[in-house]
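Undergrad: Here the protein sequences come in this chain order: A and B. Under our numbering, the residues of the first sequence are numbered 1 to 415, in order. Under our numbering, the residues of the second sequence are numbered 1 to 415, in order.
In short, the hints are calculated from the structure, not lab data. None of these values were measured; they are calculated from a predicted model. Hints may contain errors.
Same chains, same names: a pair is fine if it fits in one copy or spans any two.
Claimed, not checked - When the alpha-carbon atoms are kept at most 30 Å apart in a straight line, the in silico BS3-like pairs for lysine-lysine are as follows:
{"hint": "1", "residue 1": "K144", "residue 2": "K55"}
{"hint": "2", "residue 1": "K106", "residue 2": "K409"}
{"hint": "3", "residue 1": "K325", "residue 2": "K106"}
{"hint": "4", "residue 1": "K226", "residue 2": "K60"}
{"hint": "5", "residue 1": "K145", "residue 2": "K55"}
{"hint": "6", "residue 1": "K366", "residue 2": "K209"}
{"hint": "7", "residue 1": "K144", "residue 2": "K106"}
{"hint": "8", "residue 1": "K247", "residue 2": "K144"}
{"hint": "9", "residue 1": "K170", "residue 2": "K144"}
{"hint": "10", "residue 1": "K179", "residue 2": "K209"}
{"hint": "11", "residue 1": "K170", "residue 2": "K60"}
{"hint": "12", "residue 1": "K271", "residue 2": "K145"}
{"hint": "13", "residue 1": "K106", "residue 2": "K247"}
{"hint": "14", "residue 1": "K170", "residue 2": "K409"}
{"hint": "15", "residue 1": "K209", "residue 2": "K271"}
{"hint": "16", "residue 1": "K247", "residue 2": "K325"}
{"hint": "17", "residue 1": "K366", "residue 2": "K145"}
{"hint": "18", "residue 1": "K145", "residue 2": "K60"}
{"hint": "19", "residue 1": "K113", "residue 2": "K247"}
{"hint": "20", "residue 1": "K271", "residue 2": "K113"}
{"hint": "21", "residue 1": "K243", "residue 2": "K271"}
{"hint": "22", "residue 1": "K247", "residue 2": "K209"}
{"hint": "23", "residue 1": "K106", "residue 2": "K209"}
{"hint": "24", "residue 1": "K145", "residue 2": "K106"}
{"hint": "25", "residue 1": "K366", "residue 2": "K272"}
Here's the letter readout for the chains.
Protein chains: 2
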Amino acid sequence: MRTAAAITIGDEILIGQVTNTNAAFIGQKLSEIGVEVTRMVVVGDEYEEIMTAFKEYYEKFDAVLITGGLGPTHDDITKRVMADFFNVPLVMDNSVLENVRDRLSKRGIPMRKVNEDQALVPEGCEVLMNHWGTAPGMLFDDGKKFFVVMPGVPHEMQNIMSEHVLPRMKVRAIGQVIKHRVLKTTGIAESSLYELLGDIDSLLGGRAKLAFLPSQIGVRLRITVKAATTEEADSIIADLEGKIRNKAERYIYAGGEVDIEETLGRMLTEKKLAISVAESCTGGFISHRITNVSGSSGYFDRGVVSYSNRAKMEILHVPGELLEKFGAVSEEVARAMAEGVRNISSSDIGISVTGIAGPTGGTPEKPVGLVYIGLADAAGTIVERRLLPDERLRFKDRVSQAALELVRKRLLGIS
Amino acid sequence: MRTAAAITIGDEILIGQVTNTNAAFIGQKLSEIGVEVTRMVVVGDEYEEIMTAFKEYYEKFDAVLITGGLGPTHDDITKRVMADFFNVPLVMDNSVLENVRDRLSKRGIPMRKVNEDQALVPEGCEVLMNHWGTAPGMLFDDGKKFFVVMPGVPHEMQNIMSEHVLPRMKVRAIGQVIKHRVLKTTGIAESSLYELLGDIDSLLGGRAKLAFLPSQIGVRLRITVKAATTEEADSIIADLEGKIRNKAERYIYAGGEVDIEETLGRMLTEKKLAISVAESCTGGFISHRITNVSGSSGYFDRGVVSYSNRAKMEILHVPGELLEKFGAVSEEVARAMAEGVRNISSSDIGISVTGIAGPTGGTPEKPVGLVYIGLADAAGTIVERRLLPDERLRFKDRVSQAALELVRKRLLGIS
Chain A
1 MRTAAAITIG DEILIGQVTN TNAAFIGQKL SEIGVEVTRM VVVGDEYEEI MTAFKEYYEK
61 FDAVLITGGL GPTHDDITKR VMADFFNVPL VMDNSVLENV RDRLSKRGIP MRKVNEDQAL
121 VPEGCEVLMN HWGTAPGMLF DDGKKFFVVM PGVPHEMQNI MSEHVLPRMK VRAIGQVIKH
181 RVLKTTGIAE SSLYELLGDI DSLLGGRAKL AFLPSQIGVR LRITVKAATT EEADSIIADL
241 EGKIRNKAER YIYAGGEVDI EETLGRMLTE KKLAISVAES CTGGFISHRI TNVSGSSGYF
301 DRGVVSYSNR AKMEILHVPG ELLEKFGAVS EEVARAMAEG VRNISSSDIG ISVTGIAGPT
361 GGTPEKPVGL VYIGLADAAG TIVERRLLPD ERLRFKDRVS QAALELVRKR LLGIS
Chain B
1 MRTAAAITIG DEILIGQVTN TNAAFIGQKL SEIGVEVTRM VVVGDEYEEI MTAFKEYYEK
61 FDAVLITGGL GPTHDDITKR VMADFFNVPL VMDNSVLENV RDRLSKRGIP MRKVNEDQAL
121 VPEGCEVLMN HWGTAPGMLF DDGKKFFVVM PGVPHEMQNI MSEHVLPRMK VRAIGQVIKH
181 RVLKTTGIAE SSLYELLGDI DSLLGGRAKL AFLPSQIGVR LRITVKAATT EEADSIIADL
241 EGKIRNKAER YIYAGGEVDI EETLGRMLTE KKLAISVAES CTGGFISHRI TNVSGSSGYF
301 DRGVVSYSNR AKMEILHVPG ELLEKFGAVS EEVARAMAEG VRNISSSDIG ISVTGIAGPT
361 GGTPEKPVGL VYIGLADAAG TIVERRLLPD ERLRFKDRVS QAALELVRKR LLGIS
C-alpha cells in the first residue's frame, strides 16, 4: 500500500462554512506511516457526485479514506452510495445498534427510527466501532484495495483512525516513510535566504525536498524526506539540518513548530535574566506574546503600553523635551523608553518599540511602517530602525517578532 | 456561469501541515454570488498532477479557481504548467516587474533573479495586480471558461478575489444566491440562548437555517438563506434578525463578523470617553485587543501589565497591605488596580483583571480559572468574580471578552 486519496463529503465544506480539517488530519497521519496522500477531494451531498468520486479514486489509489455524510439526517447519503458501489444491501448490525441505544439512553434521549438506521451497514463490510459517537466506521479491504468510510465529526474520525485504521494500514504500508523537519527563521527575506543557502539541488542531493514557507514573522524551512525506514529518514534530516544551519544558523530561532517567545523564555530562564517591555504601536502584543509561555512569570516583570505621550512621560520618565524635539517615533524616545522600563522595573533587560502603524499618521520623513526598537541592558542601549509597513495586525506581528529577535540575538552576542 | 471548481496546489496541504482555508474562502465567496463550487481538489507540487487537474476541471466546470505554487522558489511550478496548458510562452510583464521592484525597495530588499522571475506571466493572460504581495493573479477568460490562478498566501488571494475576481464573476453568475448573517452574542450559554429563542422552526418558517456556533468568547448565531435574488435573501434575513434581536438583544454585541473591541471602540468614540487598562493574568492581551481597532489612540490612553506585585504597587499604587492581606487575586486588589489605572491616566474608565491562569497556582479557595474583573468610572467601582478555567490562550480569550463585555454593559447602563 503506497498511495491514498482522501474524499471529504459535505455541502458545508463546498460553501466554505467549515474548513476541511479532516483531510489535513488524514494527510498528516498517513504521511507519518509511509502512505502518500496524493489527492484530496471534496464533493457535495449528491448521490451521483459521490458515486463518481468513489469509482475514480478506488480505481486509481491503493487506499481511499472517506469522511462525512453519515449523520442521521436526510442529507447524509454516503452509506447508501457505498452499498450500491459494492453492490450489496444495507443490513442491521447488532453491535452498532447496541452502541447507539447505549449512547442515547445515557443522555436520556429516546431512540427513534433515524437512530436505528444508523446501525444499518453495507453487507460484508467490517464495522469499525465508534466509541465516541453513533455512526460507525465501515471498511472494505480485500487485501489489494483499502476503502474506508468514517463519520465527519473530527474527534470521532480521529479516534477511529487511531484505533482502527492506522494500525491496519501501517503493517501494509510499503511506501517510504515520509518525515518532516521545520526550521524557523526570522530577520531574512525569502529570496535572500534562498541565495544564502546556495545551490539547493546539490545541497539536497536528491534525498529530500526543501520548501520555503514565508509569513509576516519569518520564513519557515521545511525539509521533507522519503526513506525506507524512520532511521534512514532521521539521519538524512540530521545531515541536511546541519548543512543548512552551517549557512543560516544566525537566522534560525527554532527547530520544530516553536515560537520565538518560547525560545526566548528558555534562554532567559537559563541565564536567570528578567525582562520588561515598554510598547507603543504594538499595543500590548509583545507582553501578550511573552506571557503566552507557561512559566513566563519567572522572568517577565511588567509591561507598559504607553499609547499616549503622557503615559511615556509619567510611567517611563521619557523627558518631555525628547518627545517635543524628536517626536514620539524616534530613536531617542525608543532609547528612553527601553531605559525607562528597565530602570523602573529593575529588570536586566528593557525593550521598547515606538512606531507608526498607519494607515494614517505617516510623513515623508517618518512613513507608515517606521518603527524604532530599543533594547537596554547592563552593556548599554541599542536602537534598531526598521520599516515594516503592513496591515494593522500583521504590523504588530512583524514588529513584535523583530523586537523578540533583537533580544535573542543580544543574548547570543550577535547584535 | 453556474459551476466552479477550486484547485489548491501544494504538498504542504497533502501532508496535512497546512489546512486548506483558501478553498473554504473561495467556496464561501462564490456561494454568496450564486456560483456553486461543486468540487474542491488538492494536488501536490508535481507537473503531471497539476496538468491532469487543469485538463479535467477546465473541461467540466464553467470556472476554475486555482491557488498556490506561485512563490519565487524552485518548488513553485504552477505558472509553468499554466503556460504549457494554454500553449503559450512565459513573458515578462512590466507592470508586475514594477510592482515587485517597488515592494522590495520599500523594504530595502535587493532585487534578485528569482524576484524578477515573478514578473513572468503566460502570454495573453490578463494580469490581476497583487498590491499585497509580489506574485500576481493570472486570468484566462474567453467568455465561456473562466480560469484564474492566484497566489496561495491567504490574504493576497483574498484581496485579489475581492478586487478582481468576484466582481467579474458576479455579473455572469446565474445560480441561486446563498446569504449568511452572523449575530455575535456573549455572556450566555448555548443552551440558554436556545431556550431564550423559543421554537426555532416556527421562527424560521422554512425560509432559512439557523446555526449555533459556540466558542470560548461567546455563541455566534448564523442565519443562512437561499433565495432567487440578493434582495429576497436580504429581506428574509432582516426579518429573522429582527425577531432574534427582540428576544436576545442584550447579549448581541455585533451583527456580522465584528469583534467586541470594535463595538466598544464605536461606543467610546461616540461618548467621548477614554479608557485605560491594568491587567495581570491576561498579560497585555486586553490592551492588544483594544489597540487592534484603527483609531483606538483616540480613546485608549495606556495599559499596564503588572505581572509582579511590585509592578502593581509601583505603577498602580495598589497598597502593599491589600496584597498581603487578600492576595494578588482578590476583589480588593482588582478594585485598587482599576481605580489606580484610572487615577494615574485621568481616563474616564479604568478596567482591571487579576486571576489565576493555571495550570499551577490554584488552591481550594482560589482555584485555577478564578478571575476578578474591576471597572472604575465616575459612578464608582464594580468588581465581577468569574470562574473561567481553560487552557492558557483560551483563558486569555475568555477573560478579555468578559472584561470588554463588562465595559459594554456599563456603557449601555445594564451593569
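Undergrad: Okay, which hints does this one fail, numbers in order?
TA: 6, 7, 8, 12, 14, 15, 16, 17, 20, 24
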